[in-house]
Structure formats: structure tokens, C-alpha cells
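With the hints as extra help, turn the sequences into a complete structure.
Letter by letter, the chains look like this.
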Amino acid sequence: MADRILNLKSIGSRGLKNAVKGNEYRREASISYGILIIGYILLSLGAATGLIGHNLQGQFVPICVYVSLAVSLNLVVGISGELSLGHAGFMAVGAFSGIVMERMLLAHMSFEPAVMILSMLFGACMAAIAGFIIGIPILGLRGDYLAIVTLAFGEIIRNFMNVLYFGLDENGHLKFAFNHTIEGIENSQRIITGAIGATGTKTISTFNWGLLLCIFTVFVVLNMKNSKQGRAIMAIRDNRIAAESIGLDVRKYKLMAFVVSAALAGMAGCLFGLNYSTLVPLKFNFNTSVLILVFVVLGGVGNIWGCIIAATVLTILPEAFRQFADYRMLTYAIVLILVMICTYNPTIKARVTAIWNRINPFKKKGGDKPKKKKTGKEAA
Amino acid sequence: MAPKDKRDEIRETEISETGHTYENRQEIYYNDNVGGRAVFVDSKEQYGPDEPYNDQVYLPEKDKGKAPVLEVKGLGIDFGGLTAVDNFNLTLGRTEIGGLIGPNGAGKTTIFNMLTKVYEPTRGEIFFDGKSTKGMTTVDINKAGMARTFQNIRLFDKLTVEENIKVALHHTTDYGLISGMFHTPKYRHEEFRIRKEAMKYLKIFGMTKTADYRAGSLPYGAQRRLEIMRALATKPKLLLLDEPAAGMNPSETSELMETIKEIRDRFQIAIFLIEHDMNLVMNICEGIVVLNYGRVIAKGSASEIQSNPKVIEAYLGKSRGKMEEEEKNEDIEEALSKGKLESAASGKPDAGSSGKEVG
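Line order of the protein sequences matches chains A and B. The first sequence begins at 1 in my numbering and counts up one residue at a time. The second sequence begins at 1 in my numbering and counts up one residue at a time.
Careful: at least some of the hints might be erroneous.
Unchecked claim - Below, computed lysine-lysine pairings styled on BS3-like, alpha-carbon distance capped at 30 Å:
hint, chain 1, residue 1, chain 2, residue 2
1, B, LYS237, B, LYS143
2, B, LYS73, B, LYS237
3, B, LYS237, B, LYS200
4, A, LYS252, B, LYS237
5, B, LYS186, B, LYS196
6, B, LYS134, A, LYS252
7, B, LYS186, B, LYS261
8, A, LYS349, B, LYS158
9, A, LYS252, B, LYS143
10, B, LYS209, B, LYS261
11, B, LYS200, B, LYS186
12, B, LYS235, B, LYS200
13, A, LYS252, B, LYS196
14, B, LYS131, A, LYS252
15, B, LYS73, B, LYS310
16, B, LYS186, A, LYS252
17, B, LYS261, B, LYS200
18, B, LYS158, B, LYS200
19, B, LYS158, A, LYS252
20, B, LYS235, B, LYS73
21, B, LYS209, B, LYS196
22, B, LYS235, B, LYS131
23, B, LYS235, A, LYS252
24, A, LYS202, A, LYS175
25, B, LYS235, B, LYS66
26, B, LYS131, B, LYS66
27, B, LYS203, B, LYS186
These are calculated hints, taken from the structure and not from any lab test. Treat the numbers as computed from the prediction; the structure is a model and nothing was measured.
Spelled out as C-alpha cells, the structure:
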């Protein structure tokens, strides 16, 4: 016991707050799943009782999509510690390949859950491949340079979609081209028409699928965080040189985080694509990437349940206050600045924490309890 | 050693033409630590002729007959025009504790960085466990069985103490990405095993109670110990410790001394350490190498090192009497250099002996 007290003394009161990290994963997981399920129940109830209007009900699937996008981006930004600005690109890959897969499958079978799952898996695979191809050359870069290059690749993917043409011919075979006409097929059977995007998609996405996707994404990301691979990724984030010195292949694990994140974004993109009968590539521009990053930053970098809340709130709010929609981007900017000030300015952070401690209803629950015991012993 | 670059070729031709060995004629720019300027030093003049034990294999009795774990031959590195380390030779036994000491800026950490391939050496060869480490990366070196700690602590600050060790057990943890993502029974089995193993290491260092603390929040001494634990968890054959006792108080240092010995006895590995704490070095190191200005100035056991005048000079400076003596000797040295030229003209290849006569 003595050495424990000794250690605590030298850590000091400030260090104590962050010192004990035991069972954090379990706590994080239960909070995350709890938020997802409570959110689902609340939104469903609201829709059933008519409290939530029709417009907002239309946002249920996008909310789920943005939640899983934010969680998957957190794998790169929070856990791997690299800034990626091309997440919408992987979302686009997932969306359009998912749409193509859906149209092909619907020609042969009508069992929607199977179509949905297969499309999502296909979208994930294609996005993973895209992530792998992009990841290999750029993951030698760090920090700002990586952010710039991912931004460029995100735009490249979107522009690539702009000239992509997919269609089904009479026999149900898939055809694709990079110019305006696809030979031998009717206009009505086109799946993706360049900049006009995907048209005539059968919308099979539902809120239930959205919840499943969110749970799946959170499950994968949290599990990965608490596994051999996740530890390696976080170790590389914390200290690259030390990670190499204990034999961790830095590129391999950075690439792993990037590819898994891209695959999950592809799944979310697929759900998004199958939610609209018409989808233009312009939807997946730089603004969307930034939007997802905003969810991650607002929710807390590396904090899974935080970005779930951020994504939900920031998708509902603009919809709920539609009359102020013009000021949406302005509000974003102001909120971002406020969050950064409150998080990174020590003086203001201390004040905000003090206010929060005063009004916090859960003050005596959870993490505070063991700390108090220890400080008691320390004093004795 | 085959000539590696132009410098070596020039040296070779010089030796064959003049009959002088390179060491005799060598004029090296060393980094002057105090002013940061390059100082012109003739190594021969400063340190005298090469000591016979410089290239001798120094092995403790118990390691004789076994192949050494580390063999370094003529290791050297240049940074631009600056020779940071030159002609470093070392043989380290299987279970030896070796010490590397020297004043600040002598090139000790540079040698560690070359051994672990953070820097690629300009000259010389390193044989680890009988194999040349040429072309290996830092990662390969660790996989081959060499682990190190750092002078400025490099922990995974945001991971817990236990996780820091689990990361080091990465290569012995046997499950793939899919198992990691979906937490299959295999994952659970392996995680349970490495948790027990991590606890084993924590027990050796008496840190089991801090297992769930963030590594970055630990006190300094505990961080040092955690770093050693992490290196040890990669199951090395050779452990390189870069100033393990830095920032520790005397009681922590003596505890560390016992721990280092215990590590060697329990895991039967070789340990090579850099340290400024002479008490620690003299007490636990079986062989000590002293480095100054990137060159080895003495090698031997603790008692040999302590009584070596060159070591005392490197640490404390020259005595006044010796400096006066050297001033008197200037004329003689001039005569010596003339003598060298004469011997070169007459084609005598015996330059080393002329140096010895003067010394």
C-alpha cells in the first residue's frame, strides 16, 4: 500500500484526474451503446407520437450515417492521430458501389435485407480498396501534409465519380464507361450517369438499418481500440520512435487504421446512397469531409460517444431550426471556435470545468469515487 | 574490412604509399562540446599509441567459450564533415553487463543509435548474435533480439502502464485483425495470457499497483522502470539502457542496480548501458568502455578504468604539471614528425614503433 500512496503523492492532484484509467473501455462501450439505443428509442417514439415532424423524420437515416462516419473517422483522427480530410471520398466510393450492387442484385432477387447487407459489404470492400491504394503512397507523410494530400484525394475520388457511367444492358449485365454514352442500353437502365449521379435507386435504407450500422461501427472501433492492433496504432500515435524500437511496423498499422476507417465509411456511404432515389457526386465534396471532422472535433478527438452525440445534435439542429438555415455555417464556425477555446485555453477550461462541477448532477457517481478514497488515504 | 567509400580508398593508398598507418597520420575534426566549434585534434598526440587491449576481446570468465552476443568492428559515423564516432570496437558476452561511459557529447548515444539502426553507420560492421546487421531497420533489429531504452523517456503516454507492456508483447500475441475486431474466443484467450505475462514484468519491478495508471502520469523513476520493462517484454538477447538512472534519487538508483542484476540473472541476457552515475557503473558493469570525442580511450574492468590516467584526464582535465611537461615536449614532437617523414622517405613501414619510442 505504501508504494501506492507514494506514487499518488508524486503524481499530484492534477495528475490524479487522468491517472486511473482502469475499465475505461468497458465504460466507454456501455456509454456508447447506451446513447445509441436511447437515441433510437427517443427518435422512434417521437416519430410514432408525431412529436417529430416529417422533415426531421427524413433525417433519421442521415443521422445514423453521420454517426458512423464520425465514429469511423475517429479511428484515424483520434486513435491513429492523423488528420484526414478525405473521408467523404470513401463515403462516395461506398455509396456508388453500393448503389450499383443493389441494382444488380435487385434484378435477381427481391429479399431486401440480403440485398442491403451484400451492398453494404461490397461498398465497404470497394472503399477499403480505395483506402489501401490511397494509403500506400501517402502514409509516409505526417501531420499537415497528410491532411492536404487526403483532401486532394477526396476531391479526386469525387471528380472521378463525375465522369463515371454505369448501366445495365438487356441481359442484366453491368457496363461501365468514362464518356457520355454507354452503347447498347436504354436510358432508363442507367445506374450512374456522370455528374447527374445515381438515379432511380430503390430506397431500401431504413432507420433500423441505420441503428444496426451505428452499433456495428461502434462495436468494431471500440473492439479494435482494445486489441493488439489498436494498441499498436495508439502506441505509434504516442511515440513513433519508441514504437519502432519495440518492433512495430509503423506504416503497416497506420495503413490498417486508414483502411478499416475507409471500409466503415464505405458502409455508411452505402446506407446513405440507398436512402435517396437520386444522388449527385457533388454531395461528397470537401464540405462533407469537413462536416464529419467537425463532428469528431466537437465530440472530442478519440472520444467515441462524444462524436455520436455531436453528429446527432448537429444533424438535428439545422433541421429543427430550418428558418435559420442560412446561418447554419456561421453557427458551425462560432461553435467550433467556442469549443476550441473551451478545450485548449487552460484558464477558460478551468472556469468551464468549475461551472460544470457545480451543475453536474452525476457528480458523486462513476470515476470520482475511487479518487476520493485515495486522496483520503493520502491525507491520512 | 573491404574499402567502403572514397575515404577508405584514400586511406589505403596513403598507407601503401607512405608506409604510415592511418591512425598515425590521422587528423580528425572533433566536435568541441563547449563552444560548438570544431577542434583540430591529432588523436595520436592526445591519447598516445593504440592500447593493445583496445581490440582485444574482453569477456568475463563465464561467457568464455560462447559466441559473443554483440561484436562491433571499426564502427564510425560522420555527420557531414564531422566525425562523431570513429573506430569503435566492442565484444559483449552472452550474459555480460557492459558499461559505456564518457563525458557529455562523447558519442555514447550515437553508438546506441547505430546499434539499433536509428543511424546507419558510415564505417564498420556490427555483428549481432553472429549475424551482420547491415541493411536491417530498427524494427528488424528489435525482432532479431535487441531492445533499448531512451535517454529522454519515450513512453506511450496515453496508454496505461499495463498496455505499454502489452504493446511490447505484440509479436507474441497471436491473433489477427478479424479476431481483434470481433473479439473472438482466440482473442480472449490470448489477451488473458498476455495480461498475466504483463503482470509478471510489473511484479519484477514492483509496479503491479500502478497497472491501470496512464504511463504519462507516473513519476519519473517509475517511468524509467516502465521503459526498461517495455524493452524487456520484447524478449531481447541484448538490452541497451541509455542512462537508466538519470533523474533517480540514490535509493532508487541502488534499487535499480539490484534490478539490473536480477534481470541479467533471471533472463540470462546481455546488458549494455550508458550511465553517468559512476557508483552504478563501477558496481555492476563487468566490462567498461570509456569514450571521449568519439573514440575509445580505455577499456577494461572497473578497477582498471578507475586507475587509468586517460580516463581521469577526460573527466577532470589535465593536471598542471602534465601541461607544463607537454609544453616542454613540443620541440620533441616536432622532431618526431620530422622523424616520421624521414622514415617514410626511407620506406620503413614501421611507424607504430616510432610512436611507442616517444611515448
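Checked hints:
no.	hint	result
1	LYS237(B) - LYS143(B)	holds, 10 Å
2	LYS73(B) - LYS237(B)	holds, 19 Å
3	LYS237(B) - LYS200(B)	holds, 18 Å
4	LYS252(A) - LYS237(B)	holds, 25 Å
5	LYS186(B) - LYS196(B)	holds, 16 Å
6	LYS134(B) - LYS252(A)	holds, 23 Å
7	LYS186(B) - LYS261(B)	violated, 36 Å
8	LYS349(A) - LYS158(B)	holds, 20 Å
9	LYS252(A) - LYS143(B)	holds, 16 Å
10	LYS209(B) - LYS261(B)	holds, 23 Å
11	LYS200(B) - LYS186(B)	holds, 21 Å
12	LYS235(B) - LYS200(B)	holds, 13 Å
13	LYS252(A) - LYS196(B)	holds, 27 Å
14	LYS131(B) - LYS252(A)	holds, 26 Å
15	LYS73(B) - LYS310(B)	holds, 22 Å
16	LYS186(B) - LYS252(A)	holds, 22 Å
17	LYS261(B) - LYS200(B)	holds, 17 Å
18	LYS158(B) - LYS200(B)	holds, 22 Å
19	LYS158(B) - LYS252(A)	holds, 21 Å
20	LYS235(B) - LYS73(B)	holds, 25 Å
21	LYS209(B) - LYS196(B)	holds, 14 Å
22	LYS235(B) - LYS131(B)	holds, 18 Å
23	LYS235(B) - LYS252(A)	holds, 22 Å
24	LYS202(A) - LYS175(A)	holds, 19 Å
25	LYS235(B) - LYS66(B)	holds, 20 Å
26	LYS131(B) - LYS66(B)	holds, 15 Å
27	LYS203(B) - LYS186(B)	holds, 26 Å
Hint check: a violation occurs at hint 7 only; the rest are consistent with the structure.
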